[in-house]
Amino acid sequence: MDAYDRKILDIIQSGFPIEERPYAAVGEQLGLTESEVLARVRALRAKGVIRRIGANFSSGSLGWQSTLCAARVPEAQIEAFVAEVNSHHGVTHNYLRDHSFNVWFTMIAPDMAAVRATLAEITRKTGISVLNLPAEELFKIKVDFAMEGA
Amino acid sequence: MSGAKQFTETQRRILALVQGDLPDVPEPFAEVARQAGASQEEVLELVRGMKQRGEIRRFGATLRHQKAGYGSNAMVAWYVDDEDMARMGAFMAARPEISHCYHRVNCMDWPYNLYTMVHAKTPEECAQTVAELARLSGLEEYDVLKSRKEFKKTSMRYF
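Protein chains in written order, with our numbering: chain A, -12 to 137; chain B, 2 to 160.
Simulated from the structure, these hints should not be mistaken for laboratory data.
Please read these numbers as outputs of a predicted model, since none were measured by experiment.
Here a beta-carbon is modelled for each residue, glycine too, at the ideal position from N, C-alpha and C.
It is possible that some hints are incorrect.
[To be verified] Below 30 Å or equal to it, Euclidean Cα-Cα: the simulated DSSO-like pairs (lysine-lysine) are: (1) B:Lys52 / B:Lys150; (2) B:Lys6 / A:Lys(-6); (3) B:Lys147 / A:Lys34; (4) A:Lys127 / B:Lys52; (5) A:Lys34 / B:Lys52; (6) A:Lys(-6) / B:Lys154; (7) A:Lys34 / B:Lys122.
[To be verified] Far from chain B, by Cβ distances over 10 Å, these chain A residues were calculated: (8) Ala(-10); (9) Glu15; (10) Gln16; (11) Trp51; (12) Pro61; (13) Ala67; (14) Ala104; (15) Thr105; (16) Glu108; (17) Ile115.
[As the list claims (entries may be wrong)] Just a few of them, taken from the derived set where beta-carbon distance is under 8 Å, the chain B residues facing chain A: (18) Arg13; (19) Ala17; (20) Gly21; (21) Leu23; (22) Ile99; (23) His101; (24) Cys102; (25) Ala135.
Put together the whole structure using the sequences plus the hints.
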């Protein structure tokens, strides 16, 4: 990754131009041609630095409900519990964490009733109860990382 | 609760495409339009409008943090008194190492009510940052929840 790659990443993480020729627009800001920018973006995708390029929706602004969930899962049941949790489409992140509450996942659903119904189903199938910790307030969500100077 | 926002069939086809990975071509929105059976103008207007209204929080590249050099992270759950919540939320949100910060409900089994995702380049730097956050905030009750294994990480498919 060179200085141009980092500059491109700094622009396209939050400011991907929503225009007919976005790579030409990025190139104009940096003094590169459209094909140079596109070739660099393709290389960054191929290397796995860029996971995807697209829209990240705000669940709240779309009227959906999101929540964080936690469970204490005995070692022997982790595999089966995770398989059940992950089978639900609204589960977007799921991690094993070093804590007595060891499985943590996030869930998004059209409303809280749907969240509760899914959690009840998980508990019914696995026998494991789940903490439902919905957000009261969002203070920050920022998932782009400064590349220049990184 | 007002419930999920509704879209036309054409809009849903467009959004189903842009919630994934944009076509890897010089004119990606024209290609989205072609696949959705819409005009490029409709695609651009819909995406721009939703971005302006905050329904699209961010439009652009999502990076793999590990490969971008931010290899260590921890979720830290803090207990904050209600009257301090706004101030502590603002304090945490202002920190560049923190990507996500939420006030969440707590319960009998789980006392913590403020959550921060802390990112760093190394585990040592991550631990240092957490210690500094604790010292500067004065918060004493907290738990660091380091991830040991990733079971799932996807972007939500709303459409």
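Ala104 of chain A and chain B, when compared Cβ to Cβ, separated by more than 10 Å: Given that every Cβ of chain B is farther than 10 Å from that of Ala104 of chain A, nearest at about 15 Å, it holds.
Can we keep the His101 of chain B interface hint, with Cβ of chain A closer than 8 Å? With a closest approach of 5 Å, the His101 of chain B hint holds.
Restraint status (C-alpha distance of Lys52 of chain B to Lys150 of chain B at most 30 Å): Violated, at roughly 33 Å.
Just checking, Gln16 of chain A versus chain B, shortest CB gap more than 10 Å? Since the minimum Cβ distance to chain B is about 14 Å, Gln16 of chain A lies beyond 10 Å and the statement holds.
Evaluation of the interface hint that places Arg13 of chain B against chain A, nearest CB under 8 Å: violated (12 Å)
Tell me if Gly21 of chain B is really an interface residue toward chain A, meaning its C-beta lies closer than 8 Å to one of theirs. holds (6 Å)
Is it true that the CA of Lys127 of chain A sits at most 30 Å from the CA of Lys52 of chain B? holds (17 Å)
Hinted contact Ile99 of chain B with chain A - closest CB pair below 8 Å: holds (6 Å)
Quickly compare the C-alpha distance for Lys6 of chain B and Lys(-6) of chain A to 30 Å and report which way the hint goes. Roughly 36 Å separates the two Cα atoms, so the pair is violated.
Status of Pro61 of chain A, Cβ more than 10 Å from any chain B Cβ: holds (16 Å)
Determine whether the non-interface label on Trp51 of chain A survives the test: each CB of chain B must be over 10 Å from its CB. violated (6 Å)
Assertion that Ala67 of chain A lies farther than 10 Å from chain B (Cβ): Non-interface label stands for Ala67 of chain A: nearest chain B Cβ at 12 Å, farther than 10 Å.
Against the hints set out earlier in the document, violations occur for numbers 1, 2, 11, 18, 19 and 25.
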